[in-house]
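Sequential numbering from 96 applies to the sequence shown in my numbering.
In short, the hints are calculated from the structure, not lab data.
Take the hints with a grain of salt, since some may be wrong.
Stated by the list, open to error - Cβ pair distances, simulated, as ranges:
no.: 1; residue 1: D118; residue 2: P817; range: 34 to 44 Å
no.: 2; residue 1: E775; residue 2: A444; range: 45 to 55 Å
no.: 3; residue 1: G595; residue 2: R693; range: 21 to 31 Å
no.: 4; residue 1: T610; residue 2: V748; range: 51 to 61 Å
no.: 5; residue 1: A337; residue 2: A444; range: 34 to 44 Å
no.: 6; residue 1: D675; residue 2: T610; range: 38 to 48 Å
no.: 7; residue 1: A754; residue 2: R780; range: 26 to 36 Å
no.: 8; residue 1: A639; residue 2: D118; range: 35 to 45 Å
no.: 9; residue 1: E190; residue 2: L377; range: 53 to 63 Å
no.: 10; residue 1: R386; residue 2: G718; range: 45 to 55 Å
no.: 11; residue 1: P252; residue 2: G409; range: 13 to 23 Å
no.: 12; residue 1: A639; residue 2: Q493; range: 30 to 40 Å
no.: 13; residue 1: I436; residue 2: P726; range: 49 to 59 Å
Stated by the list, open to error - Okay, derived cross-link-like pairs now, DSS-like style, lysine-lysine, Cα gap no bigger than 27 Å in a straight line:
no.: 14; residue 1: K516; residue 2: K240
no.: 15; residue 1: K516; residue 2: K299
no.: 16; residue 1: K299; residue 2: K240
no.: 17; residue 1: K751; residue 2: K520
no.: 18; residue 1: K240; residue 2: K520
Note that the structure is a prediction, hence the values are computed from the model and not measured.
Ideal Cβ placement from N, Cα and C applies to all residues, glycine included.
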Amino acid sequence: WSEHCSYKSSRPLLAGLPTAGHDVLAGPGEQAGAVRIGDGMAVCFKLESHNHPSAVDPYQGAATGVGGILRDIFAMGARPIAILDALTFGDPAEEHTRRLVRGVVRGVGGYGNCVGVPTVGGELTFHSTYRDNPLVNVMAVGLLKEHDLMRAAAPGPGNLVVLFGSTTGRDGIGGASVLASATFGDGDAGKRPTVQIGDPFAEKLLIESCLELVERGLLEGLQDLGAAGITCAVSETADRAATGICVDLDAVPRRESGMTAVEVMISESQERMLAIIRPDRLNEVREVCQRWGLSFAVIGRVTADRQVRVVEGGMTAEGEPAPGARELARIPAAALTSQAIVYQREGHAPVRSRPAPAPGAPDLPHDGLPERGMDPGAVLRSLLGSPDIGSRAWVTRQYDSTVGTDTVEAAERGAAILRIKGTTKAIVMATDASARMALLDPYLGAATAVAECTRNVAVTGARPLGVTNCLNFGDPERPEAFWQLSESVRGLGDACRALGVPVTGGNVSLYNESTGGAIAPTAQIGVVGLLDDVELRIAPSFRAAGDIVALVGESVPGLGGSRYAELAGSAPDDRPPSLDLERERGLQTFLLAAAGARLLGSAHDVSAGGLAVTLAECAMWGGLGAEIEVPVGATPAVELFGESPSRVVVSAVPEKWPALRALAEGLAVPLRGLGTTGGERLRIRLIGEGATGAAEERGAGVADEIDVPLSDLRHAWERALPAALGEEG
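Can you build the whole structure from these sequences, using the hints too?
The structure is reproduced here in structure tokens:
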């Protein structure tokens with residue numbers, strides 16, 4: 096009944112999420128979600144955490160996190176095609192953080208590269224609340240034929256329970272009950288169990304053997320061994336099928352001597368699978384596993400009594416203890432799974448305090464307004480040069496993003512796109528979180544993350560198909576932390592309902608806190624979408640000189656939760672910008688219609704760093720400058736650097752501008768021309784009451800125009816992460 100296995104604090108909250116959908120093949124409760132994509136095919140995807148192990152051993156914690164989520168995918172009968180990682184750490188200036196970053200990135204890359212699945216993108220963010228509790232959330236995506244979909248169930252009394260893959264050792268014992276379901280204190284080092292040890296080459300053999308077994312129709316059920324090992328796997332598969340399982344402990348292949356019964360049952364040794372097979376298929380299944388060089392053993396039988404039993408000394412063909420054998424345990428399967436204890440916890444909002452200035456933040460005015468004579472271009476360079484916004488090349492060059500030759504676009508510049516060979520289609524995937532906003536309003540933070548993640552898929556021209564989530568929070572026994580969790584789940588559900596995307600599954604990681612405090616409430620979101628014609632994908636970068644640049648959507652007041660507010664050390668208030676989910680839905684409808692009509696040259700959502708950063712990214716990535724005019728009010732920072740949602744910068748050839756404008760008017764979506772592309776500089780001229788001239792007349796704070804060579808912007812952006820991590824040179 097650990098939190099990690101039973102979801103005893105979060106299950107009542109998760110029950111309210113929207114999970115139904117016409118194309119949903121598998122949803123919450125299965126090892127991963129699966130959604131139809133047409134032509135008898137489906138996409139399988141899931142996001143999961145490996146936070147606590149990565150805090151103890153960054154390399155192995157991250158590596159086994161990749162291995163575990165991949166097993167969830169191919170256990171469904173899908174071939175893994177992509178990995179995305181969403182990583183969050185503390186202050187990058189601290190050596191402690193740098194050690195964690197280096198270890199985690201090497202772990203993700205080392206496992207993914209060796210197993211032959213491309214790591215195509217994700218996120219990397221920094222915030223002081225994650226100092227002692229980094230977040231390592233990994234998403235995997237796979238493809239399968241609909242008729243190959245496997246279930247993690249144990250049907251058919253009399254069927255055999257087989258264990259194959261690697262052998263069983265003592266690594267990972269207590270991972271679910273201690274490592275993932277308790278907080279860390281300064282004196283808890285001795286309580287931390289051994290982190291699991293990954294073997295990506297064994298995982299590759301496991302992938303191929305499982306997919307062969309599935310393709311040949313030799314399996315009745317399939318489940319990976321993760322948290323709590325054999326105990327969790329047999330109880331979950333039995334409960335899903337309303338059957339029982341008797342486990343013969345002596346039959347479990349071990350790589351260490353002297354292991355106790357408890358150690359064998361809860362070992363989290365990696366690269367192991369549990370399968371349910373008919374007795375007449377035993378020889379065929381054994382032959383496949385042995386041909387792939389895997390350990391293989393029949394360790395039990397399916398029974399009709401709905402009990403999980405563990406025996407020592409052998410078992411009869413009927414699933415009963417052999418003469419002279421001992422029964423070590425007997426418990427209803429449902430008592431360990433669907434009928435496990437559930438807590439009805441109390442929650443209340445915490446007392447809110449203003450966020451402290453970011454480490455090393457420049458001394459900007461306390462009212463958040465650029466003063467007379469200040470250059471907003473310097474602010475833009477500072478934001479581009481910050482570790483949260485700068486280039487991720489230092490990370491991504493350690494990952495193989497093209498193995499398999501299906502990667503069309505890795506996610507350094509937005510969503511990742513992978514073609515489906517033999518078709519015109521492509522799968523589009525992205526991850527997002529809004530933890531800074533969630534610190535101020537967890538409901539808004541979760542809803543904004545859903546909106547941004549689906550928007551990142553939609554700007555490519557792809558239709559979002561489903562949402563997976565990883566909910567990272569502190570100790571649920573604290574009312575403040577439980578309130579953050581419940582509000583985030585409410586925001587997640589409301590956003591998914593408004594945008595018409597089902598939640599197909601996910602993961603909850605609690606107790607992410609230590610003596611230094613809890614992490615920011617972090618609802619990490621993953622979205623998968625379908626692009627019908629990969630050749631019609633929309634890129635985020637400007638394409639050609641003379642194109643019209645426009646903003647879709649409107650800015651709304653509020654600097655709370657923005658990178659600018661953190662850089663400045665304060666904001667006019669702590670109020671984050673509001674989110675109108677109906678406007679977000681209208682925006683995404685417009686994007687898909689415009690892409691389908693081939694009206695867009697580029698599209699890039701406005702998020703971290705605001706409009707100015709988005710324009711800089713479009714220009715840098717396309718190697719093409721722009722002449723822009725931005726109306727600014729009394730607080731120019733809101734229009735330039737505010738992170739209000741539901742906005743996208745697009746470009747279009749002049750000939751298509753009238754049609755694009757007509758489409759926006761027909762859908763009642765705001766569309767405002769900003770300027771044109773061209774040259775090698777980004778020039779943003781400010782107009783309106785906050786511009787230099789108008790503001791000088793009333794003696795208020797003013798903002799000069801931005802006029803910066805692309806080379807300067809690119810230099811700041813490219814050196815940001817290496818400089819922050821001390822990796823320059």
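**Asked** Hint by hint, which ones does the structure fall short of?
**Response** none
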